[in-house]
Amino acid sequence: MNRLIWAAAIAVLVSACGSAVKLDNVPVEDRTGASVSQADGKADGVGQRAVTGVALDNANSSAAMMATSRTVYFDLDSFAIRPEFQPIIENHAKFVKADKNKKVAIEGHTDERGGREYNLALGQKRAEAVRRAMALLGVSEAQMEAVSFGKEKPAVLGSTEAAMEKNRRAEISYR
Amino acid sequence: MLKRRLLILLAGFACLPALAQFRVEVSGVGLTQIPVAIAAFRGEDGAPQKIAGIVQADLERSGQFRAVETGVVALDEGSRPDVSNWRQKGADALVTGSVTRLADGRYDVRMRLWDVVRGQDLGGQSYAVVAGDLRLVAHRVADFVYEKLTGDKGIFSTRIAYVTKVGPSYNLWVADADGEGAQSALNSAEPIISPSWAPNGTQIAYVSFESRKPVIFVHDIASGKRRLVANFKGSNSAPAWSADGKTLAVTLSRDGGSQLFLLDATGGEPRRLAQSSAIDTEPTFSSDGRFIYFVSDRGGAPQIYRMPSTGGNAERVTFTGTYNISPSLSADGKWLAYISRVSGVFKLHVMELSTGTTNAITDTTADENPSFSPNSRLIIYATHQAGREALMTTTLDGKIKARLARQSGDIREPDWGPVQK
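Respectively, the protein sequence lines represent chains A and B.
Quick note on numbering: the first sequence equals residues 1 to 175 in this note's numbering.
Quick note on numbering: the second sequence equals residues 1001 to 1421 in this note's numbering.
Just so you know, these hints were derived from the structure itself, not from any lab.
Any given hint could turn out to be false.
Stated by the list, open to error - Residues on chain B that point at chain A, a partial pick, calculated with CB under 10 Å: (1) E1060; (2) P1191; (3) R1212; (4) A1238; (5) S1258; (6) L1262; (7) D1297; (8) I1325; (9) S1326; (10) F1346; (11) E1413.
What the hints assert, rightly or not - Here are the computed lysine to aspartate or glutamate pairs in the EDC-like style, where the Cα-Cα straight-line distance is at most 20 Å: (12) B:K1165 to A:E112; (13) A:K153 to B:E1190; (14) B:K1233 to A:E141; (15) B:K1233 to A:E171; (16) A:K103 to B:E1210; (17) B:K1089 to B:D1076; (18) A:K103 to B:D1410; (19) A:K166 to A:E112; (20) A:K153 to B:D1264; (21) A:K166 to A:D77; (22) A:K153 to B:E1389; (23) B:K1233 to B:D1220; (24) B:K1233 to B:D1264; (25) A:K153 to B:D1410; (26) B:K1050 to B:D1152; (27) B:K1153 to B:E1315; (28) A:K94 to A:E84.
As the list claims (entries may be wrong) - Distance ranges between label pairs, derived from CB positions: (29) B:A1386 to A:M66: 35 to 41 Å; (30) B:G1312 to A:E141: 27 to 33 Å; (31) A:A63 to B:E1210: 40 to 46 Å; (32) A:E84 to B:N1187: 51 to 57 Å.
All C-beta atoms in this analysis are idealised placements derived from N, C-alpha and C, irrespective of residue type, glycine included.
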């Protein structure tokens, strides 16, 4: 259900961007008064073709961004952002810059090997690498917080190399 | 059918303490152990705790004692034992005692320790306690025996803290040093790491992720009152207490990077301890308070360093290997325990600080987070065994180990509490 709402929200966002039409200006025909019988038998005076407008407030659009790609993966023992993740960072930087009230958390993670506290520091380094990349794109430091979960919140359970690759990451998150 | 169910139920109950308690695993030989006989305490069959069994398990876990079979004997603290008979059985010492239920419902526990080699009475103790404190009394008896026979302070009546993860649920536990009598101090749906006992034994500092980032709490375990002491921008972690309990050394990333700060234990504005462009974390105070040992990758790989606890130049402490983390110092100032990665696996190491001599003392491969017992004789640490996380205690030579595992879930992040009055 949530996924559906997000998908719809993204669709609205995407179409809004594409046509450069503000959502408020979308013409909706007023059909009140048309006496068409309702399929469900209700006769409350609202026509079948009526549309309830949804204004996307900040929370909703953050939810939409949460449904986009927001994970940057890292190589073993590395804090360097691989080129293929630059577009993701650019997408989020654009979104955060557009609204000075927007806050974004960048959450660093590691694979399961080694100590919890040292991994927390390594995850912090990954989060800060993404934070710096966003700052280079013009995002204000005041809007960003880089935090770490170390190895405490693996995306994928298991000790295989495939699992560990998925766990060495930074997630861009809106709250 | 009903009867059988009852039997199974009873068997289940009988197993419970065993599952929670540390099981001793002896490896290696040549260790000097004092042979001690612990006679069943008169009247303990009618009491909620079997005192003699708890005392024996405590002493065996220390690695410094070997239990001598007593057979069925009728002795208490008032008996004059036949010392030649006990010497024939191979004992150097004998513990006798009794448990009596008092009119007010409390229990009167009395004990006496005999040197059966010299035929000497080494003294006794008596305690009147509620049923809930009988285990504590047994641990105090073990402490008394330990101190009389070794000259060192016993640590059996101390407590340990650790964290469990069962499914999506995390708990911070406070338990007796033998792993029994665990009580949950905190339950959370988010991770809890790095518990650290305050020197007074009434508070624990730890890192909680309950607000979707690591922040540091100081938690009063008797009242459950928690104080958020570090919630600065970025990550807040690795709390360590100064010996006077007034200051916490912590790792903060509020100015970018993981860096060391000092913080009043009541909170307030942190003071930067050192400045580096590298990771600095896992601070721990030396017992004399002069130094802070910590982990830094300023040389390209994580190594253990130390600096004056007021700040200043850091000197490197570990030189072997490319991954040395999680320093823990013994209270006597002689030993450093830490985790070193050797050939891709993580092992507990112990360094004698005066000589730099270092030994790996486990045969496991994912050791973490060592913590010394307050008498500097044992180390508790986390490891993986049979695919699950478990806690172990070990003697400093690695020869006597005991394992604490749970029926389900993982157990981790141990910290050994101080000796309390």
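Hints versus structure:
no. : hint                          : result
1   : E1060                         : violated (30 Å)
2   : P1191                         : holds (4 Å)
3   : R1212                         : holds (7 Å)
4   : A1238                         : holds (5 Å)
5   : S1258                         : holds (4 Å)
6   : L1262                         : violated (17 Å)
7   : D1297                         : holds (8 Å)
8   : I1325                         : holds (5 Å)
9   : S1326                         : holds (5 Å)
10  : F1346                         : holds (7 Å)
11  : E1413                         : holds (7 Å)
12  : B:K1165 to A:E112             : holds (15 Å)
13  : A:K153 to B:E1190             : holds (9 Å)
14  : B:K1233 to A:E141             : holds (11 Å)
15  : B:K1233 to A:E171             : holds (17 Å)
16  : A:K103 to B:E1210             : holds (19 Å)
17  : B:K1089 to B:D1076            : holds (18 Å)
18  : A:K103 to B:D1410             : violated (35 Å)
19  : A:K166 to A:E112              : holds (11 Å)
20  : A:K153 to B:D1264             : violated (30 Å)
21  : A:K166 to A:D77               : holds (14 Å)
22  : A:K153 to B:E1389             : holds (16 Å)
23  : B:K1233 to B:D1220            : violated (25 Å)
24  : B:K1233 to B:D1264            : holds (18 Å)
25  : A:K153 to B:D1410             : holds (14 Å)
26  : B:K1050 to B:D1152            : violated (25 Å)
27  : B:K1153 to B:E1315            : violated (32 Å)
28  : A:K94 to A:E84                : holds (17 Å)
29  : B:A1386 to A:M66: 35 to 41 Å  : holds (39 Å)
30  : B:G1312 to A:E141: 27 to 33 Å : holds (30 Å)
31  : A:A63 to B:E1210: 40 to 46 Å  : violated (22 Å)
32  : A:E84 to B:N1187: 51 to 57 Å  : violated (41 Å)
In the structure shown, a violation is registered for the earlier hints numbered 1, 6, 18, 20, 23, 26, 27, 31 and 32, in ascending order.
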